[in-house]
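When you get a sec, could you build the whole thing from the sequences and use the hints?
Protein chains: 2
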Amino acid sequence: MDKISKGDILSYPRLYRANLINSLSGYKSANLIGTLSPNGTENLGTFSSVIHLGSDPALLGFILRPPTVPRNTYENLKRSKYYTINHIAKDFLAEAHHCSAKYAEDISEFERTGLTPLYRNDWPAPFVAESPVQLMLKFKEEVPIKVNNTIMIIGEVEAIYLQDGLLQDDGFVNLQKGEVACINGLDAYCLPNQEKRFAYTRPFEMVKEL
Amino acid sequence: MDKISKGDILSYPRLYRANLINSLSGYKSANLIGTLSPNGTENLGTFSSVIHLGSDPALLGFILRPPTVPRNTYENLKRSKYYTINHIAKDFLAEAHHCSAKYAEDISEFERTGLTPLYRNDWPAPFVAESPVQLMLKFKEEVPIKVNNTIMIIGEVEAIYLQDGLLQDDGFVNLQKGEVACINGLDAYCLPNQEKRFAYTRPFEMVKEL
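So the sequences go chain by chain: A and B.
Residues 1 to 210 in the numbering used here are what the first sequence spells out, letter by letter.
Residues 1 to 210 in the numbering used here are what the second sequence spells out, letter by letter.
These are calculated hints, taken from the structure and not from any lab test.
The list cannot tell twin chains apart, which means a pair is met if one copy fits it or any two copies do.
Under the rule of at most 27 Å between Cα atoms (straight-line distance), these lysine-lysine pairs were calculated in the DSS-like manner:
1. Lys140 / Lys3
2. Lys177 / Lys196
3. Lys196 / Lys90
4. Lys138 / Lys3
5. Lys6 / Lys146
See below:
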């Protein structure tokens with residue numbers, strides 16, 4: 001096996017270290033977060049840190065980097081209280097990656113990429129029409145992470161829109177059918193194939209496939 | 001599209017809601033976390049919430065559920081300060097899922113599943129020998145998440161062990177070559193194929209493939 005020590009990590013050039021450490025969590029979720037600025041500019045940002053926090057209430061979190069650069073997503077959702085999470089899928093990988101570029105606040109990533117903003121009800125945040133899994137979130141809590149000045153933003157799921165055919169009889173959403181992507185490291189978009197689904201397992205029982 | 005409202009979510013039976021909401025973040029990382037109890041019992045738990053928090057210092061986080069049930073991983077790492085994160089791969093999916101069963105503190109999931117504990121240096125936590133990506137973490141911070149009483153545990157990467165052939169010239173770790181899995185929902189283990197890798201993108205530039 002290749003062995004890398006803490007001293008090695010500290011000695012690496014910045015981009016080498018970023019490529020390496022960003023690969024260590026395993027595969028990451030791949031999402032576009034949509035918000036609206038007070039003057040009506042639509043913002044779309046690429047995020048690979050969205051995680052499940054709980055089902056009842058239905059809560060998702062994501063990580064924001066330290067406030068040393070403008071963070072349009074953060075400023076917008078703190079004001080409007082609403083944001084969308086849209087799964088990135090095979091048909092728009094390049095457009096989704098484009099949304100990781102640091103555009104100024106008055107530039108809409110929808111316009112730059114050609115992705116389509118979609119509004120529902122009176123919610124003040126645009127969905128991405130091309131996405132097979134579209135969620136409306138309401139901001140609930142901001143958790144400061146002291147050790148490196150990042151922030152976790154937590155929101156509650158207000159509504160779910162799923163491409164036809166993804167929702168199974170038991171509530172499971174088949175992401176593979178939607179060609180939803182995940183991310184390896186900083187920049188490698190991958191398409192998973194379901195290998196095995198297992199039943200809930202109790203101590204001293206055999207693991208059973210569903 | 002299928003539309004699910006917040007009222008629908010609240011009305012669902014518990015397992016249906018868990019299947020649904022656990023699918024909404026997108027694909028999750030798939031890891032086994034290894035710890036050692038004060039009396040020497042080895043513990044291994046299945047986690048799908050490990051995320052990247054930063055590269056300098058190299059920090060990973062993961063989520064623990066509310067303290068209403070015994071949490072061997074938490075108790076052990078708070079005492080010993082060390083834990084391992086081991087990527088789940090194709091060859092041991094059933095064994096990895098087995099580690100999600102709620103075994104008592106004096107039962108070793110290594111013994112129950114046949115996975116192999118591996119010790120290096122004097123670190124008081126076992127790696128999973130079968131895993132292609134094995135990490136030693138040192139506990140740094142515990143972040144309470146008030147909205148649902150979960151906890152984020154943050155650790156710094158002390159050492160990295162990678163199966164031969166995964167580490168690329170630019171620091172990127174090719175998880176597909178290690179047949180590393182990710183998780184859809186609560187229980188579907190998936191194997192991703194790399195579709196596209198993109199270069200760092202600046203405003204008003206075309207997105208380029210690497």
